[in-house]
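Asks: Put chain B with the ligands on the given structure of chain C with help from the hints.
Number of protein chains: 2
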Amino acid sequence: KNVDNGTDKTHQTVVVYDCRIDGKDATERFVDIGDLDINDFLEVVSKEFAIPSNDTFVLTTTDRKELDFDRYEEIKKGNDKETLYLLQSEDQILPSATLERINFLPHYDTLIQSGMYEYYASEGQKALPYAFAELIDNALSATSGNTGVRMIDIRLLFNESLGKPAVVIIDNGCGMTAKQLNNWAVYRLSKFTRASSTLSSDHAEYVRPDPVPRSINSDISFFGVGGKQAVFYIGQSARMITKPVGIPDVHELVISKEEFERKEKNKEDIYAGFIRNRKVGDSSHVTSDEERFLHGIIQEELGKQSFTALVVTGIRQDHIVFLKQDFQLWTRELAHMYHYYIHGIHGNNMKESYRSSDCVSNIDIQISLLEKFPKIPRMVNLRQIAEDMQTLYINASSDTFEFKAYVDPDGIVEGILRYHPFLYDKETYPEDRCAIPASDEDDDGAVHNQARGKRPIFECFWNGRLIPYTTVSEFDWCSPPKKAAPVPMECYSRFSGVLFTNDRFQVSTNKLTFMDLELQLKSKETFFTRIVNGQEQRVTIQKEFNQWLKTCHEKLDKQVNFKGFKGMITRTDV
Amino acid sequence: KNVDNGTDKTHQTVVVYDCRIDGKDATERFVDIGDLDINDFLEVVSKEFAIPSNDTFVLTTTDRKELDFDRYEEIKKGNDKETLYLLQSEDQILPSATLERINFLPHYDTLIQSGMYEYYASEGQKALPYAFAELIDNALSATSGNTGVRMIDIRLLFNESLGKPAVVIIDNGCGMTAKQLNNWAVYRLSKFTRASSTLSSDHAEYVRPDPVPRSINSDISFFGVGGKQAVFYIGQSARMITKPVGIPDVHELVISKEEFERKEKNKEDIYAGFIRNRKVGDSSHVTSDEERFLHGIIQEELGKQSFTALVVTGIRQDHIVFLKQDFQLWTRELAHMYHYYIHGIHGNNMKESYRSSDCVSNIDIQISLLEKFPKIPRMVNLRQIAEDMQTLYINASSDTFEFKAYVDPDGIVEGILRYHPFLYDKETYPEDRCAIPASDEDDDGAVHNQARGKRPIFECFWNGRLIPYTTVSEFDWCSPPKKAAPVPMECYSRFSGVLFTNDRFQVSTNKLTFMDLELQLKSKETFFTRIVNGQEQRVTIQKEFNQWLKTCHEKLDKQVNFKGFKGMITRTDV
Ligand SMILES: Nc1ncnc2c1ncn2[C@@H]1O[C@H](COP(=O)(O)OP(=O)(O)OP(=O)(O)O)[C@@H](O)[C@H]1O
Ligand SMILES: Nc1ncnc2c1ncn2[C@@H]1O[C@H](COP(=O)(O)OP(=O)(O)OP(=O)(O)O)[C@@H](O)[C@H]1O
Ligand SMILES: [Mg+2]
Ligand SMILES: [Mg+2]
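Sequence lines, in order, name chains C and B.
Here my numbering is used: position 57 in the first sequence is 57, and no number is missing along the way.
Here my numbering is used: position 357 in the second sequence is 931, and no number is missing along the way.
Chain C with its partners taken away, still in its complex shape (with noise of 0.2 Å):
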């Protein structure tokens, strides 16, 4: 075993089991082949074990196999503590049970494959938004401590005067130290795991946060694979920089591909490397041409306090064609999924009285598209955004109905509904506009009138963050009934709902779908109530929806019928 890279490549050892005599334990000997060629080692052996030399023997290794000159130079190139039989014939039983050392670390496909088949969607390259997502989720949990604002900045510098295509994200939250940067690299080591490591500056026990409206929380971190996953489905390489608050350097770490391979062609240790600690600013270190826009992120740390910088080279081509022709597309879908971090928990709400309430986000989520002269650079903040889905239902809705879940033991779901009143001539109810236009033509005419259509009532955010492909399409007590129905069946199609989960739901860990939301919210344990100014009401839910749905009806909707053609008339006068 070779621990810094390859120095100490001279003491391979192999284990030899004297297999030759029936009823007689197999003894173990372990003999170093440093520098011996195989006959100088089967003399060692015949020693050894005090073989006469009129005795023949064979050896082998444990698939029985005669060790010759091709397998022995193999076994002495190799990293393992090979395991050898001495035999009387190649298909002798063995007297005893021998023990094999072996090893099995996880293949470096573990890091750079785990993406691949993670972000699987079925419109094929929808999944890199949610990748990116990985990344604001880790820049959202790091900033979480921050008093001023939170900045996540996105650039992707696609911009060939400046070297290869990167895509960097940089947060000014808290930073990591070395020990903690390493830990990032560990696939797997969560939150949860890591109270359990000895490595010391990362001790700190995980501690939940306090319950908070919506369960806003920034507390998206949870199963240690995120980043690495969202890294190498963009990209083959990822080289990380931060700086935590206190700590005078800057400490940087690259996991690559290219790295992996290096190291399994020449046998060194896959999962050893260095992380370079260097004083804020220093870019020395950055020779290749094809890497010079890293002098200017490194310049920006001067002065910053703390701040972490991921930057992610070899994007697959694909991606650098989706991000520049959907720039629209996979923005607006980010701002939806982080609809409630970048507006605060009432969401995008247009209207005066909102906007200048004090219920605005910290969180600047901004995203930049560099592209050759003369492209001209794009820029966005996800705040501006006004065509996400979740901005749409607000500000197409006249009223709400909100209300909360309790599932046992300790799940807690805050729900809107929102009514879309019928105004004059037509459903306000929002259009997907994200939406892939429906295949199956054989919808039914009767659909077609309603204002939800098929959709699915609604979207679930999980600590605030949406998770994309689980919907719930609705509740017993807000379905249209059996029987007689307090309103026209078409105003149950007229609402959108959204669902704000905490934590003791669980995702899967490409936090695209819930495991079993649906399944625990329709549990009979389950307990619903409404909620009005913050306060809880003591009626059932199904009268207070009732209520609520009536109301709506009479007051919103507002029906223009022209009844019966009379005629055409002319105005002059106007």
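One or more hints might be untrue.
[Unchecked claim] Counterexamples of contact, computed for chain C against chain B with all Cβ distances above 12 Å:
{"hint": "1", "residue": "Pro52"}
{"hint": "2", "residue": "Val212"}
{"hint": "3", "residue": "Asp269"}
{"hint": "4", "residue": "Val280"}
{"hint": "5", "residue": "Glu291"}
{"hint": "6", "residue": "Trp330"}
{"hint": "7", "residue": "Ser368"}
{"hint": "8", "residue": "Val380"}
{"hint": "9", "residue": "Lys524"}
{"hint": "10", "residue": "Glu525"}
{"hint": "11", "residue": "Glu544"}
[As the list claims (entries may be wrong)] In the DMTMM-like style, the derived pairs of lysine to aspartate or glutamate whose C-alpha atoms are separated by at most 20 Å in a straight line are:
{"hint": "12", "chain 1": "C", "residue 1": "Lys279", "chain 2": "B", "residue 2": "Glu602"}
{"hint": "13", "chain 1": "C", "residue 1": "Lys81", "chain 2": "B", "residue 2": "Glu842"}
{"hint": "14", "chain 1": "C", "residue 1": "Lys191", "chain 2": "B", "residue 2": "Glu838"}
{"hint": "15", "chain 1": "B", "residue 1": "Lys853", "chain 2": "C", "residue 2": "Asp25"}
{"hint": "16", "chain 1": "B", "residue 1": "Lys700", "chain 2": "C", "residue 2": "Asp516"}
{"hint": "17", "chain 1": "C", "residue 1": "Lys304", "chain 2": "B", "residue 2": "Asp665"}
{"hint": "18", "chain 1": "B", "residue 1": "Lys765", "chain 2": "C", "residue 2": "Glu264"}
{"hint": "19", "chain 1": "B", "residue 1": "Lys1098", "chain 2": "C", "residue 2": "Asp318"}
{"hint": "20", "chain 1": "B", "residue 1": "Lys853", "chain 2": "C", "residue 2": "Asp22"}
{"hint": "21", "chain 1": "C", "residue 1": "Lys304", "chain 2": "B", "residue 2": "Asp637"}
[Stated by the list, open to error] Partner residues aside, some chain B positions facing chain C, computed with beta carbon under 8 Å:
{"hint": "22", "residue": "Arg675"}
{"hint": "23", "residue": "Leu679"}
{"hint": "24", "residue": "Ile821"}
{"hint": "25", "residue": "Tyr845"}
{"hint": "26", "residue": "Lys853"}
{"hint": "27", "residue": "Ser857"}
Because the hints were derived from the structure by calculation, they are not lab data.
For clarity, every value in this text was computed on a predicted model and none was experimentally measured.
For every residue, glycine included, the Cβ atom is placed at its ideal position computed from N, Cα and C.
Replies: Just chain B with the ligands, lined up with the frame of chain C:
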């Protein structure tokens, strides 16, 4: 770094960087701290760097915390080669960059937690059959070279009088050499990456199997994760017992959560372990009373040329409940997934003419559930199950339409449509007996009159094995046309379908979904052709399909309409 279970614990070294002098590059020294206490160590450092006794200096970790007694002891006990700084003051700027050695081994949760958030399913417990499927996949691959019967024997040992609950999967496949067994335990080592590994007896380059009808090629291993994910989703410990052809020894390897935790606690190498090589039938190492069922399993080894037995223990209690209570449900689901493996390429056609044909499969997948007396054992061969959906579709159909799709560059999809005619007074399209009763009460009347309803047409098989969460709703050419249809609209809801893809279509690691099957099939480059008696037809698929549907309708639909009520007659003559 201690290789052999802590035998080599004395040589802990630290790296000290002398960073005191600005303008001079930091110099690096290795110091062996084996049996030094902190004061000895400080002395050694002073000497090593020739520090005059009246000079003040401070020794810190890289997070600039002064090395005190506790930190020193922790480093001494640790596994890592810690990096220390020799500084003038704790916040001195580094004169030059330092390189800190780190290891970033994936956490063992990579193996034991992987399945947990992979086999998620909105239906909750329904995920367990998919974990079993991974183990069946492996057994199918292993037995693909068998000349005689291929036996896959799944035993649920839930009889406490035999020991603790266990799930045992035994196959009579090729088995594994010790090296292959070692590789089994390596997370993410796939058959593709394995080719480049240097482990001698597992050198075999992957050879892609020749095309076979419907891609029933038993080549269902892809990512190097399935077996591990499945085992640790089912339980907490896996014992793999295997014997390859031509080697007289049995190889045995245990990986378990408990062992990982023990190694972590004792700071041993997490991914090091031992394979036990022993003679056939020797269970002398099994001493735990809880595992006494192992004696019986090991006795069965006698006389077998090769085999693999996987024993999972530490079974989750909720899984035990599910496996017992829903025995019929999950065995039916497995019969569905492997339908074409267990029944042959024509599937489970129960008409006499087919049953005597030579297309019968030699794959026996047998499941037995053993509970404590007086409960009687349950046992089923998946081939006996006649209620799985594929069996229902096949036997309720009166005609079929076969086709093939070529997807750029070498994706091939074979497809079948089956016509389920209207007979006398009802549709014969089979109902989904496994389906959860529809929850949306607001189904449109129109749909209720249709045989298939909202269900998608196609179920999708990959290398012959069902990918359960991906369906394809329809293709252009088999959807009801917008203009004049050649047959009544209802006919378009009277067919079910199956797609068989080859390995050129990607599936997610949990094999629950295709990545982009539908997208690829609907690409403009994709070319469809009808197959009649194995021959591709020259005419366009649309025309062929219309023709087929018309014939089906005219020949097979037998609609009896009672028109106008004429009054009742009581027949006294019968
Ligand atoms: N921008 C950042 N600033 C500070 N620390 C970070 C940042 N990004 C990652 N980290 C650290 O690295 C760790 C690993 O990140 P990663 O995203 O891989 O997993 P995770 O966030 O812990 O879990 P999940 O799988 O849910 O994303 C984080 O827990 C955090 O401690
Ligand atoms: N029953 C078995 N008989 C023989 N070899 C087996 C058996 N089960 C597993 N193996 C070996 O162990 C390897 C790892 O199995 P595992 O299921 O973890 O991954 P995989 O099958 O390679 O890929 P996937 O993630 O697609 O399942 C297999 O490739 C195969 O070589
Ligand atoms: Mg994360
Ligand atoms: Mg497998």
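Asks: Next, verify each hint and record whether it holds.
Replies: These are the hints, each one checked on the structure:
no., hint, in the structure
1, Pro52, "holds, 26 Å"
2, Val212, "holds, 25 Å"
3, Asp269, "violated, 7 Å"
4, Val280, "violated, 8 Å"
5, Glu291, "holds, 16 Å"
6, Trp330, "holds, 17 Å"
7, Ser368, "holds, 30 Å"
8, Val380, "holds, 28 Å"
9, Lys524, "holds, 14 Å"
10, Glu525, "holds, 15 Å"
11, Glu544, "holds, 21 Å"
12, C:Lys279 x B:Glu602, "holds, 17 Å"
13, C:Lys81 x B:Glu842, "holds, 16 Å"
14, C:Lys191 x B:Glu838, "holds, 17 Å"
15, B:Lys853 x C:Asp25, "holds, 13 Å"
16, B:Lys700 x C:Asp516, "holds, 11 Å"
17, C:Lys304 x B:Asp665, "holds, 16 Å"
18, B:Lys765 x C:Glu264, "holds, 17 Å"
19, B:Lys1098 x C:Asp318, "holds, 19 Å"
20, B:Lys853 x C:Asp22, "holds, 12 Å"
21, C:Lys304 x B:Asp637, "holds, 17 Å"
22, Arg675, "holds, 6 Å"
23, Leu679, "holds, 5 Å"
24, Ile821, "holds, 5 Å"
25, Tyr845, "holds, 5 Å"
26, Lys853, "holds, 5 Å"
27, Ser857, "violated, 11 Å"
Going through the hint list in order, the structure does not satisfy hints 3, 4, 27.
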